[in-house]
Amino acid sequence: MTEMIHATGLVKRYGDVTALVGLDLSVPEGTVLGLLGPNGAGKTTAVRILTTLLTPDEGRATIAGVDVAQDPDGVRRRIGLSGQYAAVDEYLTGYENLEIVGRLYGMSAKQAGARARELLARFGLADAADRPSKTYSGGMRRRLDLAGALVAEPPVIVLDEPTTGLDPRSRQQMWEVISDLVDSGATVLLTTQYLEEADLLADNIIVIDHGRAIAEGTADQLKAQVGGERIEVVVADPQRSVEVAAILKEVAVGDVAGGDRAFSAAVGASGAEDLRRVLGAITAAGIEVLDIGLRRPTLDDVFLSLTGRETDDSTEEASA
Amino acid sequence: MTDLRIPERRNPVLRALTDGWIVAKRNLIKIKRVPEIMVFVLISPIMFVLLFAYVFGGAIDVGPGLDYKEFLIGGIFAQTVVFGATFSGAAMAEDMQKGFIDRFRSLPMARSAVLIGRTGSDVVYNVLSLIIMGLTGLLVGWRAHHGIPKMLGAFALLLAFAYAISWIMAWIGLIVPSVDVINNASFIVIMPLTFVSNAFVPLESFPGFLRPFVEWNPVSAVTQAVRELFGNLPDGHRAPDVWSMQHPVVYTLGWVVLIMVIFVPLSVQAYQRASTK
Chain A
38 MTEMIHATGL VKRYGDVTAL VGLDLSVPEG TVLGLLGPNG AGKTTAVRIL
88 TTLLTPDEGR ATIAGVDVAQ DPDGVRRRIG LSGQYAAVDE YLTGYENLEI
138 VGRLYGMSAK QAGARARELL ARFGLADAAD RPSKTYSGGM RRRLDLAGAL
188 VAEPPVIVLD EPTTGLDPRS RQQMWEVISD LVDSGATVLL TTQYLEEADL
238 LADNIIVIDH GRAIAEGTAD QLKAQVGGER IEVVVADPQR SVEVAAILKE
288 VAVGDVAGGD RAFSAAVGAS GAEDLRRVLG AITAAGIEVL DIGLRRPTLD
338 DVFLSLTGRE TDDSTEEASA
Chain B
323 MTDLRIPERR NPVLRALTDG WIVAKRNLIK IKRVPEIMVF VLISPIMFVL
373 LFAYVFGGAI DVGPGLDYKE FLIGGIFAQT VVFGATFSGA AMAEDMQKGF
423 IDRFRSLPMA RSAVLIGRTG SDVVYNVLSL IIMGLTGLLV GWRAHHGIPK
473 MLGAFALLLA FAYAISWIMA WIGLIVPSVD VINNASFIVI MPLTFVSNAF
523 VPLESFPGFL RPFVEWNPVS AVTQAVRELF GNLPDGHRAP DVWSMQHPVV
573 YTLGWVVLIM VIFVPLSVQA YQRASTK
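So the sequence lines, in the order shown, correspond to chains A and B. So that you can map any letter, position 223 of the first sequence is 260 in our numbering, and since no number is skipped, the others follow by simple counting. So that you can map any letter, position 118 of the second sequence is 440 in our numbering, and since no number is skipped, the others follow by simple counting.
It is possible that some hints are incorrect.
What the hints assert, rightly or not - Once the Cα atoms are required to be at most 35 Å apart in a straight line, the calculated DSBU-like pairs of lysine-lysine come out as: (1) K147(A) to K347(B); (2) K352(B) to K472(B); (3) K147(A) to K352(B); (4) K420(B) to K347(B); (5) K171(A) to K347(B); (6) K391(B) to K171(A); (7) K420(B) to K147(A); (8) K420(B) to K171(A); (9) K171(A) to K354(B); (10) K420(B) to K391(B); (11) K420(B) to K472(B); (12) K147(A) to K354(B).
Said to hold, decoys possible - For the chain B half of the interface with chain A, some residues (derived, Cβ under 10 Å), not all of them: (13) V335; (14) L339; (15) V345; (16) R355; (17) L388; (18) K391; (19) D417; (20) K420; (21) D424; (22) F426; (23) S428; (24) L429; (25) P430; (26) M431; (27) A435.
By construction, these hints were calculated from the structure, which means they are not laboratory data. Being a predicted model, the structure only gives us computed values, none of them experimental. All C-beta atoms in this analysis are idealised placements derived from N, C-alpha and C, irrespective of residue type, glycine included.
Next comes chain A alone, as it looks inside the complex (with noise of 0.2 Å):
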């Protein structure tokens, strides 16, 4: 399969502070990578460096094997970028704003025009489409500012965090958009700080920390390495711990966390049929249950466990 990202080595200093720490990553064609990591890990970095917007002080990147320091005139033909910030044009309707990135392609203005109704259309932003953005949602933004990545219809695409500061309904929808465009064959490098955004839409992922990859795998390896999803169950009488502690140690994978009345343990593939199991036993010893949940991995558990430590996102935010 063709190598549609390739970086090799990427290293960028910001004076004393070093964002990018000898970045390697690959991307196949018609996948997607994930690029995870809290604010300031160096994702943004990497993602400016891929599309031309930024020089590595080392290392060498290709975009379908066009080399980014070489030929950036050529790269940007065959990326899309859409970025943490919306770069929509308030003032403009959505139809003028993705007719002005078609027509700055170089397309004709007919060109220009239909690929933009388009698009619109395929957005569900066709209702919009002649309103000055301003008047859009936040989510309908940043579905425009998508469609904008994607006027050339190029065979990269780079998300920089598309969903973060969405409510969760709007990245409901960005995250349906995103699994289309993967569908019909796009190669994607999404960079994201939510595991589960990751997890849903990309095929394998790099945990990246302080400039440097920590982990990569795909979402089920890095999970199966945080030790997957665990049960959490609050009992009302600390009086029956030791019975609560017996009953979830039947079902946990290594020991069983916590004591008095909170307990955390975890568990395997199957953590829907072992939560149904604990809490079946429990309400049949008769104990009386305050809370009880399965909870899946978050980026800081994967960090806790990669790292030993929680995400820090105060330093390094220059880099962000």
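Add chain B to chain A, keeping to what the hints say.
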């Protein structure tokens, strides 16, 4: 399904101009959507004309045989187009802040196009404000006495000078961290440049230590040039005996060329290196 095959474009100059025009169109749509911007752009020169003509006009002596209103218009024109040029700076800074420059830079468009489009749309703003000011001037009694060709020449000189200033402002807009900074920065530069000139008061009225600055200030030269072209100086008027005032048109054009030679490459370079803060 739209045919997305994009014709190969080889001529870089043509490409820069085409892309520049597309960006300029985008900027001009904004005037249509937010007409308030234009209203304010046009009201301030009208206000200046009326304010100076009727409030200060009586107190400022511009010498025998000359009405202050005649004297004033050339200066107001110069000041207004220079202020108009600052739009470029604020707009560039705003585009940076909102992430537009990133979007533009990720497109296979000419590197100079955003700047060409930006400075180009300023020319449109300035043409509109010159028309409005000219009409206001006519109402308060100003006339161009040397005929239409010389009058158009004066307007062309004003626009050329303002265009050069636009490139300076665009460069500043790319290197400052926010829109607020640029508004203050341009005020600090533009105010002394326009007020410590012969735009509002005759050169002769400045104290000796300021004279050299006033005499060689390009705003003085452009003002002197348009006054001569409009015929707004009294008969027998002798321009101050310095080269810049004796040859104001050539001196102004010299500044235009100098500014462009320095700031066009500087701005394009700043654009290429620009990163959203």
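Hints versus structure:
Annotation: proposed proximity of K147(A) to K347(B) holds, straight-line Cα distance about 16 Å (limit 35 Å). A hinted pair counts as satisfied when its Cα atoms are at most 35 Å apart, and K352(B) with K472(B) qualifies at roughly 33 Å. The suggested pairing of K147(A) with K352(B) holds, with an alpha-carbon distance near 22 Å, which does not exceed 35 Å. With a C-alpha separation of about 19 Å, the suggested pair K420(B) and K347(B) falls inside the 35 Å cut-off, and the hint holds.
Note on K171(A) and K347(B): the hinted pairing holds, with a Cα-Cα distance of about 18 Å set against a maximum of 35 Å. In summary, the hint linking K391(B) to K171(A) is not supported, as the alpha carbons are separated by about 44 Å, beyond the 35 Å threshold. A C-alpha spacing of about 28 Å is found between K420(B) and K147(A), which places the hinted pair at or below 35 Å, so the restraint holds. For the hint pairing K420(B) with K171(A), the CA-to-CA distance comes to about 13 Å; that is within 35 Å, so the pair holds.
The suggested pairing of K171(A) with K354(B) holds, with an alpha-carbon distance near 14 Å, which does not exceed 35 Å. For the suggested pair K420(B) and K391(B), the alpha carbons sit about 43 Å apart, so the restraint of at most 35 Å is broken. A C-alpha spacing of about 43 Å is found between K420(B) and K472(B), which places the hinted pair above 35 Å, so the restraint is violated. For the given pair, K147(A) sits about 23 Å from K354(B) by alpha-carbon distance, which is consistent with the 35 Å threshold.
About 15 Å separates the beta-carbon of V335(B) from the nearest beta-carbon of chain A, more than 10 Å, and the hint is not met. This hint is violated: L339(B) has a C-beta 13 Å from the nearest C-beta of chain A, more than the 10 Å allowed. Below 10 Å, beta-carbon pairs count as interface contacts, and V345(B) has one with chain A at about 8 Å; its hint therefore holds. Taking 10 Å as the C-beta cut-off, the interface hint given for R355(B) holds, the closest approach to chain A being about 4 Å.
Against a cut-off of 10 Å between C-beta atoms, the interface hint on L388(B) is violated, since the closest Cβ of chain A lies about 45 Å away. Because the closest C-beta pair between K391(B) and chain A is about 38 Å apart, greater than 10 Å, the hint is violated. The beta carbon of D417(B) is positioned within 10 Å of a beta carbon in chain A (closest approach about 9 Å), and the interface hint is therefore held. Proximity of K420(B) to chain A holds as hinted, the smallest CB-CB distance being about 6 Å (cut-off 10 Å).
Nearest Cβ of chain A to the Cβ of D424(B): about 6 Å, under the 10 Å cut. The hint holds. Taken as an interface hint, F426(B) checks out: its beta carbon lies about 7 Å from the nearest beta carbon of chain A, inside 10 Å. With 10 Å as the threshold, the beta carbon of S428(B) comes within range of chain A, its nearest partner Cβ sitting at about 4 Å, so the hint holds. Hint status for L429(B) relative to chain A: holds, with the closest Cβ pair at about 5 Å, below 10 Å.
Taking 10 Å as the C-beta cut-off, the interface hint given for P430(B) holds, the closest approach to chain A being about 4 Å. Hint status for M431(B): holds, given a least beta-carbon distance of 4 Å to chain A, under 10 Å. Below 10 Å, beta-carbon pairs count as interface contacts, and A435(B) has one with chain A at about 8 Å; its hint therefore holds.
The structure fails hints 6, 10, 11, 13, 14, 17 and 18 (numbered hints given earlier, in ascending order).
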